[in-house]
Amino acid sequence: MSKSDIKVALIGNPNTGKTSLFNQLTGLSQKVGNYPGITVDKKEGISKLSLTRNAVITDLPGTYSINPTSLDESIVLKTLFTKNTKESPDVILVVADVENLKRNLLLFSQIKDLEIPTVLAINMIDQMGKKGITVDLSLLKRELNTEVILISARKNEGIDDVKSAIIRCHVAAKASPLCGINHKIDPDYFTKLKEISPNYSLYQLWLMLTQNNYPEQVTKEEREKLLAYRNDISKINKYQHKETIYRYQQINEILKNTYSLDKSKATDLRSKLDSIFTHKVFGYLFFFFLLLVIFQSIFDWATLPMDLIDGTFAQVAHFTRDNLPTGVLSDLLVDGIIPGIGGVLIFIPQIAILFLFIAILEETGYMSRVVFLMDKIMRRFGMNGKGVIPLISGTACAIPAIMATRTISSWRERLITILVVPFTTCSARLPVYAILISLIIPDKKILGFLNLQGLVLLSLYALGFITAILAAYILDKTLKIKSKSFFVIEMPNYKLPSIKNVFFEVLEKTKSFVLGAGKIILALSIVLWFLASNGPSSFNNAQKNTINNFASQNLSGEELQQKIASFKLENSYIGILGKTIEPIIRPLGYDWKIGIALITSLAAREVFVGTLATIYSVGADDENTSTIKEKMRSEVNQDTGKKRFNFPVGMSLMVFYAFAMQCLATLAIVKRETKTWKWPLIQLFGMGLLAYLSAFLTYQILS
Amino acid sequence: MRTIATLHLGELGYVSEESLDAIPLKLLEMGCLPGAEVQLVQVAPLKDPLYICVNGSHLAIRKETAAKIIILKSES
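Chains as they are written, first to last, in my numbering: chain A, 1 to 703; chain B, 1001 to 1076.
In short, the hints are calculated from the structure, not lab data. Any given hint could be a false lead.
[Said to hold, decoys possible] Mimicking DSS-like on lysine-lysine, the simulated pairs with C-alpha atoms at most 27 Å apart in a straight line are:
1. K131/A to K1063/B
2. K1026/B to K43/A
3. K480/A to K1063/B
4. K484/A to K671/A
5. K1073/B to K484/A
6. K1063/B to K256/A
7. K500/A to K48/A
8. K242/A to K1047/B
[What the hints assert, rightly or not] A few chain B residues facing chain A, derived, Cβ under 7 Å:
9. M1001
10. E1018
11. L1027
12. L1028
13. L1072
We treat Cβ as the ideally placed atom computed from N, Cα and C, and that holds for glycine.
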């Protein structure tokens, strides 16, 4: 970003095509502040306005008003409040939907009153003819006293006009309030308010007062004077109501002469679709059918690319080992970094497919109908209809799911949703389940068509979901936090999804998973490799001791190598750690090797398979799943002389993984979203205890 | 006294002036203003929330909120 770049903030109501416009303006140059970062994430992109001028466009979350009721919306106010800093926008680009222009202009009128240069882009003009809408553009420009552009972001119409309007608006740097809130409400009150500080517009002072939010530059004296006003909160609330009515009066006045709608042209597609999607029987049936299709696709479509990724990494590891001189570097690459990266990338197909479906559901407007259908049910468990989206997203990954709770305005309902989301079966549990199921559940059909293994997997998903709901119920009954539950959601028009928007959404979400969670998994696999390949003095004598111990037996070179390797593992730092916790996990049916896998998967569940792969296949040179499975199958319990991974142990392990909070990245994101370590620690220990007790019971009952 | 919660499916009414203070600010901002025409479009399967169309905005609100908003019938 260079100094001459114009900083543009993109703002608009949800469902106005704001994302389409952002995608048209910035294309592939967009990037997101990634997690686990600390501050608010910001979607930014560069737009080439002219041959010489660029703009840095920030896409702010969709909002109906500048007065925030959720975390998402408060980000908008925060950005607009900063003045004369690096963050503060030079120009604000407001997007409005031509069909809901009246309501969209409310947000515009608030922003205009901040006295920052503003461009209004009226979107979806391709629908005007069909809906019988006419707009008098030149009169509207004059009445609103701003640049107004008619666009169709999806059809890429009017985008160049928006670009040149941004430049004109920046050069003119002209900004004047539209409504001016003082006249009709209480002139005395507002005149006195303005006298507090000459550095801010009246509306800015009014916002500081109503939101109880004061930018850093406000002096102590000014702040105290503002705080004095807050003694009469009921008056502030009343005036906020009056302000909104006054704004709508102004907007009606303006639209009377500039905007007309021919109601006879209204189509009834919306009501027809609504009568199916929100029907008391078909509505739910369709929703559950859809969920079934989504899960089926996640497994069916992802298998091939996942095998491909797996195979490619095995080959890369092979190639590296063959072409690098043996030594620490080669070991680190082949046993640490390459499988580490592979372990992250293998989840891309599943995550991308899930986000593809979620993006399509959001784009079409169907998601709002799901929220509408589920609100009452979710409320019984202390959540709100909007919690359905995080719970569904949680089946891909808890991290984006927890971020999706930001639209929930009640803190209590949001916190409950955040706390229970990690119970839903995320894609990281999948490899653990998959390998254990294939070991302990016979591959046969019951009733002739239901695959028993698939059925067990489905029950594990159900277990996760039911536990999440029950945990929410218990939290709802025990949490002392009070917060006003208020629920309103717009039911947008049904739309065909835009391929471009869906593509960018999937790209962005997948990228943040790979960069965010990936970093932790990668770092951990390096640490794991180090701990497994180093140890105290006995470790370093492994070679000599093993050769001495087995000298009498006539072992082949390869067998001897394996004995050395397993001795090394047992005496490495990680082996010592596993041995230390063995007494605690023995009642669950686990030995020290599984203990190692439990410890390492504290960072991320999928590390379980990788760790066992390392433990059981040290000496073997590739990490083919079938060989891991074979090794696990042939692993013997030293006490009983029977198979280690028998039915009770496998079930106990799956129950443990269903409940335990084994994901550092999720803990970090919960800390970020709740701003305290209290809740992630409660999750870690609460879920850990539940996992331990349930696994204990499972093992003791089954064995 | 009739409120949005007592509307029949498809029925029209007008938001009364007296319920101004009972309307949450956010709902007001989304177009549910005194004097605005409101229609009950759809009721969720468990009788809650309610799907309304007010002032051209299609919104879903909970019954408890709807019960606070008094309406006048078009005839009166």
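**Earlier hints that do not hold, by number** = Of the numbered hints, 1, 5, 6, 8, 9, 10 and 13 do not hold.
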